[in-house]
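Use these hints to put chain C onto chain H, whose structure you have.
The residues making up each chain are set out below.
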Amino acid sequence: MLLRHTQKASETIERKALTVNPAKTCQPVGAMYAALGVHGCLPHSHGSQGCCSYHRSALTRHYKEPVMASTSSFTEGSSVFGGQANLLQALTNIYAIYEPEIVAVHSTCLSETIGDDLGQICSKAVADGKVPEGKHIVYAPTPSYVGSHVTGYANMLKAFVEKFPIKTDEKKRQINLLSGWVEPSDMRELKRIMAMMDVKSVLLPDTSDVLDAPMTGEFQMYPNGGTTIPEMVSMGDSMATVAAGWFATRDAAIALENQCKVKFTQTDIPVGLKATDRFIQAVAKEARVSVPESINVERGRLVDALTDMQQYFYGKKVAIYGDPDNIIPLTEFLIDLGMIPTAVVSGTPGKEFMKRMDALLGDIPEARYLNGAQADMFLMHGWIKENPVDLIIGNTYGKYIARDENIPFLRYGFPILDRIGHSYFPTVGYMGTLNLVTKILDKLMDKIDETALEEKFELVM
Amino acid sequence: MDILKERKNQVATAASGSPLNLDCGKKSTAGAVSQRACVFCGSRVVLYPITDALHLIHGPVGCAAYTWDIRGSLSSGSEMYRLSFTTDLSENEVVFGGEKKLYKSLIELIDKHQPKAAFVYSTCIVGVIGDDVEAVCRRVSKEKGIDVLPVQSEGFNGTKKDGYKVACEALDKLVGTDNEAQLPDYSINILGDFNLAGELWMLTEYYKKMGVNINATITGDGRVDDIRKAHKASLNVVQCSGAMMHLAKLMKDKYDVPFMKVSYFGIEDMSDALYDVAHFFKSEELFKKAQLLVKEELGTLIPALAKYREALQGKKAAIYVGGAFKAISLVKALRLIGVQTAVVGSQTGNKEDYEVLKELCDEGTIIVDDSNPNELSQFVIQTNSDIFIGGVKERPIAYKLGLGFCDHNHERKEALAGYEGMLNFAKEIYATAMSPVWQFTRHHKMRSSVALDQTPVDSLPNSKE
Numbered sequence: 001m002l003l004r005h006t007q008k009a010s011e012t013i014e015r016k017a018l019t020v021n022p023a024k025t026c027q028p029v030g031a032m033y034a035a036l037g038v039h040g041c042l043p044h045s046h047g048s049q050g051c052c053s054y055h056r057s058a059l060t061r062h063y064k065e066p067v068m069a070s071t072s073s074f075t076e077g078s079s080v081f082g083g084q085a086n087l088l089q090a091l092t093n094i095y096a097i098y099e100p101e102i103v104a105v106h107s108t109c110l111s112e113t114i115g116d117d118l119g120q121i122c123s124k125a126v127a128d129g130k131v132p133e134g135k136h137i138v139y140a141p142t143p144s145y146v147g148s149h150v151t152g153y154a155n156m157l158k159a160f161v162e163k164f165p166i167k168t169d170e171k172k173r174q175i176n177l178l179s180g181w182v183e184p185s186d187m188r189e190l191k192r193i194m195a196m197m198d199v200k201s202v203l204l205p206d207t208s209d210v211l212d213a214p215m216t217g218e219f220q221m222y223p224n225g226g227t228t229i230p231e232m233v234s235m236g237d238s239m240a241t242v243a244a245g246w247f248a249t250r251d252a253a254i255a256l257e258n259q260c261k262v263k264f265t266q267t268d269i270p271v272g273l274k275a276t277d278r279f280i281q282a283v284a285k286e287a288r289v290s291v292p293e294s295i296n297v298e299r300g301r302l303v304d305a306l307t308d309m310q311q312y313f314y315g316k317k318v319a320i321y322g323d324p325d326n327i328i329p330l331t332e333f334l335i336d337l338g339m340i341p342t343a344v345v346s347g348t349p350g351k352e353f354m355k356r357m358d359a360l361l362g363d364i365p366e367a368r369y370l371n372g373a374q375a376d377m378f379l380m381h382g383w384i385k386e387n388p389v390d391l392i393i394g395n396t397y398g399k400y401i402a403r404d405e406n407i408p409f410l411r412y413g414f415p416i417l418d419r420i421g422h423s424y425f426p427t428v429g430y431m432g433t434l435n436l437v438t439k440i441l442d443k444l445m446d447k448i449d450e451t452a453l454e455e456k457f458e459l460v461m
Numbered sequence: 001m002d003i004l005k006e007r008k009n010q011v012a013t014a015a016s017g018s019p020l021n022l023d024c025g026k027k028s029t030a031g032a033v034s035q036r037a038c039v040f041c042g043s044r045v046v047l048y049p050i051t052d053a054l055h056l057i058h059g060p061v062g063c064a065a066y067t068w069d070i071r072g073s074l075s076s077g078s079e080m081y082r083l084s085f086t087t088d089l090s091e092n093e094v095v096f097g098g099e100k101k102l103y104k105s106l107i108e109l110i111d112k113h114q115p116k117a118a119f120v121y122s123t124c125i126v127g128v129i130g131d132d133v134e135a136v137c138r139r140v141s142k143e144k145g146i147d148v149l150p151v152q153s154e155g156f157n158g159t160k161k162d163g164y165k166v167a168c169e170a171l172d173k174l175v176g177t178d179n180e181a182q183l184p185d186y187s188i189n190i191l192g193d194f195n196l197a198g199e200l201w202m203l204t205e206y207y208k209k210m211g212v213n214i215n216a217t218i219t220g221d222g223r224v225d226d227i228r229k230a231h232k233a234s235l236n237v238v239q240c241s242g243a244m245m246h247l248a249k250l251m252k253d254k255y256d257v258p259f260m261k262v263s264y265f266g267i268e269d270m271s272d273a274l275y276d277v278a279h280f281f282k283s284e285e286l287f288k289k290a291q292l293l294v295k296e297e298l299g300t301l302i303p304a305l306a307k308y309r310e311a312l313q314g315k316k317a318a319i320y321v322g323g324a325f326k327a328i329s330l331v332k333a334l335r336l337i338g339v340q341t342a343v344v345g346s347q348t349g350n351k352e353d354y355e356v357l358k359e360l361c362d363e364g365t366i367i368v369d370d371s372n373p374n375e376l377s378q379f380v381i382q383t384n385s386d387i388f389i390g391g392v393k394e395r396p397i398a399y400k401l402g403l404g405f406c407d408h409n410h411e412r413k414e415a416l417a418g419y420e421g422m423l424n425f426a427k428e429i430y431a432t433a434m435s436p437v438w439q440f441t442r443h444h445k446m447r448s449s450v451a452l453d454q455t456p457v458d459s460l461p462n463s464k465e
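Taken in order, these protein sequences are the chains called H and C. Using the numbering used here, you'd call the opening residue of the first sequence number 1 and step up by one each time. Using the numbering used here, you'd call the opening residue of the second sequence number 1 and step up by one each time.
Chain H on its own, in the form it takes in the complex (with noise of 0.2 angstroms):
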């Protein structure tokens, strides 16, 4: 038992300072993923080596792909006297031999603790000239020691709003859609659902031909996919933004509307049947277009799907855990599949979750649920002690649990760093969620047909 310390919830010893297991990381490699959807552009780590050296190990063991960011390799003298030299030899050198379109720095908590401000340093390497013609530099303020890994996608896709788009006279017959920290499969998947209801998106940022760049047998540094920067550009003349994911999207999207006059519409992440149905009105009634039958007839085999099963749902008890933009929705659709979700835990703080969660679970006398520093996986495992489940859901760290309580574990999430799979298959609309929920059923029969009793083994099920 590799968890063999941890006791029911109610028995462990109150927490008031220790995080076990955290259920979450720190903003840049959220700030890091964020920039490497955008084509041509080189994330940059303003910081000790270290945090680059991790962040694009995280990436690299969950996408099974090359991450490529450069750092500004922090010595302590630059801890004592301020970073700004080393960002500066650093861009004079990313430059010169890496040629990106896009530099786009991030902080860490020792750049911010120092007091380094990277607007400052940023403009000063326009005005010193380190910034070449043609070729841009964004960035983000991103300390660790606020939010998480979350929190650094939002600030990145903000910068990259506040950066680029131009509003210019002529109003473009396109919407814009700014996309929560989801797969490169659901980047993809999103541009389908998109060209299913034939409207122009720009979609923000799209790690899809980034992350999951086919096999060539060359290395580039660049690979084909995310959002060009003509794109970019272009945001400012949309008819609207649709933005799917609270925590992900939502400060991109008024800064987007502050600067642009481009107004917006806040949906989920459209993971399950209810997220995708608001998703999908909100584009179409942005776009002012109408919902195709190819869409309706996808909608329709999920609830197929659905109702076909329902037996296997009903009454099974599930704990979620991850980032809250992807398990609201899916906190929503497993109560609408008839699962009660008794443990939800999610590492990102701020107070949305709760609301959001209040009102989904707020009528479950069973379910238990809290976000920020102390929801971890010991709390999570604690909760579960107490009250089983027949099913967890959630990233790779969900393991020792799944093993120790032998209960079915489904990986959903990030990071994944022990299957693959998630790169390559949507969880996102109406095909998305139907992916999921073979997913789910999967793991619930496989349990059913190992613990059935030799008598009530079933062929058919």
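Don't read these hints as lab results, they were simulated from the structure. Where hints are given, some of them may not hold.
Sample of chain C residues at the chain H side, in silico, Cβ under 10 angstroms [what the hints assert, rightly or not]:
no., residue
1, S34
2, C41
3, A64
4, K100
5, I129
6, R138
7, K261
Where a beta carbon is used, it is the ideal one built from N, C-alpha and C, also for glycine.
Same frame as chain H, now just chain C:
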């Protein structure tokens, strides 16, 4: 190809005559996509395998999240070291100081887990906000009656290598705290093996067969109580010179425990590691037993390797690992199975190691310090390498280029040390070089000259069975 101007002296080609003079041990150039990590990373990976100690990371959440159970160091007992404990510093503590939170966290943890000792790692920010970690550790140590050791591993304070040194200094405080212990004759400590995939267990088995007593293993499958009495051993056998050399030197100065440098990779180096210990103890009996052991092991290993050697003849490998000392063993081990090293580099090698590499490698081999993906991919293409040996960040690059890959870092799945490990290594190199999947990659098609044997590894008889 383009190499950053500042890096020109960190790349060289092996040639006879003139010394290499590689400009290593340098801080990375700002802006480089370096494969290196930081001081904290160095300390954390070194101390992490001490299984019955508490490891608390004092800083924002990231540093703990990224080092949660990432190293495949196995334990024969406690699994506590695999949990992730952090003070998860937030804005409030960054402004007002994190000492209170650290104190509370330590008390909560020690009350719950009753560990033998605790290590408290300082991250970048702790160095800047000025928390007196030492004072907190002293206080908790007094209140709880266990050693609470500060590890001053602020990330910016040097390279990963400096982190090893910091870890050694923390260990040094633990060594010598048990003076009661009496050790049998021929007692050694094994330093610098981290028991990846259970390698340490194989090594200790060899030494035990020779009649050598293993006292402390630092840090693989490590135990606090063993480390306390480590100074009582007659000899420190140090592997992976980068990580644990400093502790060996400290113990030499303080307790007059001599040390020797060894490597457990490949036949020659592994055998030397056994013979050298026997020589040290000037014991004919140990030496004879070592000879017998080596003879036995080689008796099964050499015939087993022959098939791989034949199949792999003419293949070229690129090596990029943490320390150059390991790279030296790898070059030798590869040669043993017919593979030529075309590129070899490390994150933190030192001058002497690079000179050894130069002597060892064939003329024309590219030798590089603190490289990056761009350079590495260029070198691989330029030399037409078939196999890459590296760690997590190199793996996807190798695969994208259509090369076989062997993880010789934390994520190795098979023990690669010792005699058994040599056979595993050969199998792994063979399996990845011969996998039929490369037929679908463009890179492979370009190499019409190399005829690939596609016998799956399982169909080869294994003489050990």
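Outcome of the hint check:
no.	hint	result
1	S34	holds (6 angstroms)
2	C41	holds (5 angstroms)
3	A64	holds (6 angstroms)
4	K100	holds (8 angstroms)
5	I129	holds (6 angstroms)
6	R138	violated (18 angstroms)
7	K261	violated (27 angstroms)
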